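Line by line, the protein sequences give chains A and B.
Read in the numbering used here, the first sequence has 261 at position 261, and its numbers run on one by one without any break.
Read in the numbering used here, the second sequence has 361 at position 361, and its numbers run on one by one without any break.
To be clear, the hints were calculated from the coordinates, so they are not data collected in a lab.
Covered, in the sense of this in silico footprint (three residues per stretch, anywhere, with C-beta under 8 angstroms from a C-beta of chain B), are these stretches of chain A:
(1) 47-53
(2) 79-92
(3) 306-312
(4) 318-330
(5) 350-358
Since the model is a prediction, treat every value here as computed from it, not as a measurement.
Glycine included, each C-beta is placed from N, C-alpha and C at the ideal position.
2 protein chains.
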Amino acid sequence: MKKIEGGVTAAKGYKAAGIYAGIKKKRKDMALVYSTVPAKGAGTFTTNVVKAAPVKWDMKITKKSPYVQAVVLNSGVANACTGEEGETNNLLMAQATADALDISVDAVYTASTGVIGKQLPIDIIKEGVKLLAEDMKEDIDHGTLAAEAIMTTDTYSKECAVRFMVGGKEVIIGGMAKGSGMIHPNMATMLGVVTTDLAISKELLQEALSEDVKHTFNMISVDRDTSTNDSLLLLANGLAGNDEIKEKNEDYKAFCEALNYVTTDLSKKMAADGEGATKLLEVQVIGAKIKDDAILISKSIITSNLVKTAVFGNDANWGRILCAMGYAGVDFDPDIVDLYIESIDGKLKLVENGMATNYSEETATRILSAKEVKACADLKMGTESATAWGCDFSYDYVKINADYRS
Amino acid sequence: MKKIEGGVTAAKGYKAAGIYAGIKKKRKDMALVYSTVPAKGAGTFTTNVVKAAPVKWDMKITKKSPYVQAVVLNSGVANACTGEEGETNNLLMAQATADALDISVDAVYTASTGVIGKQLPIDIIKEGVKLLAEDMKEDIDHGTLAAEAIMTTDTYSKECAVRFMVGGKEVIIGGMAKGSGMIHPNMATMLGVVTTDLAISKELLQEALSEDVKHTFNMISVDRDTSTNDSLLLLANGLAGNDEIKEKNEDYKAFCEALNYVTTDLSKKMAADGEGATKLLEVQVIGAKIKDDAILISKSIITSNLVKTAVFGNDANWGRILCAMGYAGVDFDPDIVDLYIESIDGKLKLVENGMATNYSEETATRILSAKEVKACADLKMGTESATAWGCDFSYDYVKINADYRS
Numbered sequence: 001m002k003k004i005e006g007g008v009t010a011a012k013g014y015k016a017a018g019i020y021a022g023i024k025k026k027r028k029d030m031a032l033v034y035s036t037v038p039a040k041g042a043g044t045f046t047t048n049v050v051k052a053a054p055v056k057w058d059m060k061i062t063k064k065s066p067y068v069q070a071v072v073l074n075s076g077v078a079n080a081c082t083g084e085e086g087e088t089n090n091l092l093m094a095q096a097t098a099d100a101l102d103i104s105v106d107a108v109y110t111a112s113t114g115v116i117g118k119q120l121p122i123d124i125i126k127e128g129v130k131l132l133a134e135d136m137k138e139d140i141d142h143g144t145l146a147a148e149a150i151m152t153t154d155t156y157s158k159e160c161a162v163r164f165m166v167g168g169k170e171v172i173i174g175g176m177a178k179g180s181g182m183i184h185p186n187m188a189t190m191l192g193v194v195t196t197d198l199a200i201s202k203e204l205l206q207e208a209l210s211e212d213v214k215h216t217f218n219m220i221s222v223d224r225d226t227s228t229n230d231s232l233l234l235l236a237n238g239l240a241g242n243d244e245i246k247e248k249n250e251d252y253k254a255f256c257e258a259l260n261y262v263t264t265d266l267s268k269k270m271a272a273d274g275e276g277a278t279k280l281l282e283v284q285v286i287g288a289k290i291k292d293d294a295i296l297i298s299k300s301i302i303t304s305n306l307v308k309t310a311v312f313g314n315d316a317n318w319g320r321i322l323c324a325m326g327y328a329g330v331d332f333d334p335d336i337v338d339l340y341i342e343s344i345d346g347k348l349k350l351v352e353n354g355m356a357t358n359y360s361e362e363t364a365t366r367i368l369s370a371k372e373v374k375a376c377a378d379l380k381m382g383t384e385s386a387t388a389w390g391c392d393f394s395y396d397y398v399k400i401n402a403d404y405r406s
Numbered sequence: 001m002k003k004i005e006g007g008v009t010a011a012k013g014y015k016a017a018g019i020y021a022g023i024k025k026k027r028k029d030m031a032l033v034y035s036t037v038p039a040k041g042a043g044t045f046t047t048n049v050v051k052a053a054p055v056k057w058d059m060k061i062t063k064k065s066p067y068v069q070a071v072v073l074n075s076g077v078a079n080a081c082t083g084e085e086g087e088t089n090n091l092l093m094a095q096a097t098a099d100a101l102d103i104s105v106d107a108v109y110t111a112s113t114g115v116i117g118k119q120l121p122i123d124i125i126k127e128g129v130k131l132l133a134e135d136m137k138e139d140i141d142h143g144t145l146a147a148e149a150i151m152t153t154d155t156y157s158k159e160c161a162v163r164f165m166v167g168g169k170e171v172i173i174g175g176m177a178k179g180s181g182m183i184h185p186n187m188a189t190m191l192g193v194v195t196t197d198l199a200i201s202k203e204l205l206q207e208a209l210s211e212d213v214k215h216t217f218n219m220i221s222v223d224r225d226t227s228t229n230d231s232l233l234l235l236a237n238g239l240a241g242n243d244e245i246k247e248k249n250e251d252y253k254a255f256c257e258a259l260n261y262v263t264t265d266l267s268k269k270m271a272a273d274g275e276g277a278t279k280l281l282e283v284q285v286i287g288a289k290i291k292d293d294a295i296l297i298s299k300s301i302i303t304s305n306l307v308k309t310a311v312f313g314n315d316a317n318w319g320r321i322l323c324a325m326g327y328a329g330v331d332f333d334p335d336i337v338d339l340y341i342e343s344i345d346g347k348l349k350l351v352e353n354g355m356a357t358n359y360s361e362e363t364a365t366r367i368l369s370a371k372e373v374k375a376c377a378d379l380k381m382g383t384e385s386a387t388a389w390g391c392d393f394s395y396d397y398v399k400i401n402a403d404y405r406s
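Just chain A, same shape as in the assembly (with noise of 0.2 angstroms):
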């Protein structure tokens, strides 16, 4: 497997466009994804109750259409909490681009991002739709245009690709994400499309998909606020040329672990571009008996406001992991937990066996200064583990949310 340049457009076969419709002020806010042929479709999607038309239609699409071959979206307003409206609204989004590249209207996943309880300006996305078919290119700088056109708050486009073989054929994943942010006052959050050009059952291509997440997108936190959009999109046209996966052998394993490159290189970018972050953080919890105890302490560590407010101050305050680790909801014994810090300026043990350790807090500081700090719990009961990533809370997050009139 090896890292490539690019983002959507990387498969072979797909072609994307990032404009600017008019939905939002000034920056880009609309976005095409398309397949030159019928792909399959995979979908992970918002556990929120509330979710937006477009979740809701995306998620009867991954059920009920055996291709899809389109992928509209728009940032500026999230499409959630518009009843009926809202979901003719969604519809005619995805019906407009249906005609727009002569396909079935089934075959076209829809996504939102913005304000929440603002209704779709219906015209603009059509002629939107328009300038996106006209404009769509197979290159890599459309995939970057797409890119950025998702995004909100995001201080940077966040995209990945991945080449690795599959029975002597060379298969490509692509992809791009938008992160946690919100110019605008409601949230609407993460959005993630993949693309690939292997060949791969549906069955397995949802199931490879729902997998990874779990260790990848759902692993990352920036405020614990579970948006009502969410979604990640998988599309597989099978451009490659390999024989079909319909089992899980080692093509399907070297899928797996090519998805995860750029699933995790995805979610770790859009951790550390989370906002008002200055930081990157990075969770590991090992020893654990179990790889849901790993996961579950963990998350609550890159959760905790107390943690992140620590890691803003460059401040070594261990207590505040342990406390984290103690209300996860597992069972474990504090007291022969041992913590570290890590950083490009080095490694501390902070904790032995549920105590400090006796550390220099100007190393710890210094460690802690860096753009990317690691923290690794190590909880001795056995050998199950788990990574999150997480962002540092500062000052900005406050202002970016509280102060957006202003």
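Given chain A's structure and the hints, the job is docking chain B onto it.
Same frame as chain A, but now just chain B:
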């Protein structure tokens, strides 16, 4: 039932003291509550797996001791994550108190709040206990001194007392509490002591407390970080002279009602004085099918960073409230939800049947600018309800928890 002045010394037969022992730099740091006669003791404690030494001790006392007679408390050091040495120090603190008061060590509750991972300065504690025993008095002012001595980043002390009648006898319940604050690097957090002169069986006293906290202290949140030291202790010494309550009769109900008044008052004061808070946020969920649904949803709203920053910004960001309801883990129909906000400046319906009403943003901002703000969500699915209390999320929260060194 009537609200009266005072706190832990309001009921008959309780003495208290609050002094500067030398654990903290300048402020009072040790407190004592003493019952002149043996009292029944009840307690509820943190669910955190990482439990401070005093919490472990108090859980044992609550279970095994038929009577208790004193609560000794210190601020400045939490005695959490301190290993065997911490447990020994806690025992020495209890023993010193028992010696000074000439009571059994099994009749002494301990409570600590402050820095995690630091050992108690046991010599200072021992001297402090002597001073406390000499200084304790029955008057209201000495109750206040005790309430002040357990403060950390609290900006004011928290007391409440009520008088009510049981079988023709006047009974008093009074209490003190400290809130979520950590001027020190690590959290330790909530402590509460409630005293009453009621005569009641130990079993019913514990049951009343355990049931009560579900609707009071367990319904507040400042930052979702469940501490290692949370303790609420309740002493009942029987000096009111009522016939001992041994069953869930009208007297028991009167007691529960009065207890609820005191604990609700203390809980609200704690939420309003959360770190960096500029206002109290009360969230009521009505129309739930079952009570637990209302509890989960109201707590989900009260703990959302996005809701809290919006309230800080006086912004009627109802989408964030619906979003937080949606990820509470409760099944409800978002398309029929109504949502109101209310304060002394008026009441406004923001959402009807899941969609925005045509409300005035200016009116909404005016309502949210008050010092106490209420939000009420009606699920329209049943008759159960719950209320939770929290506070807004300001720059000062980040400042207190990131910049404590400066």
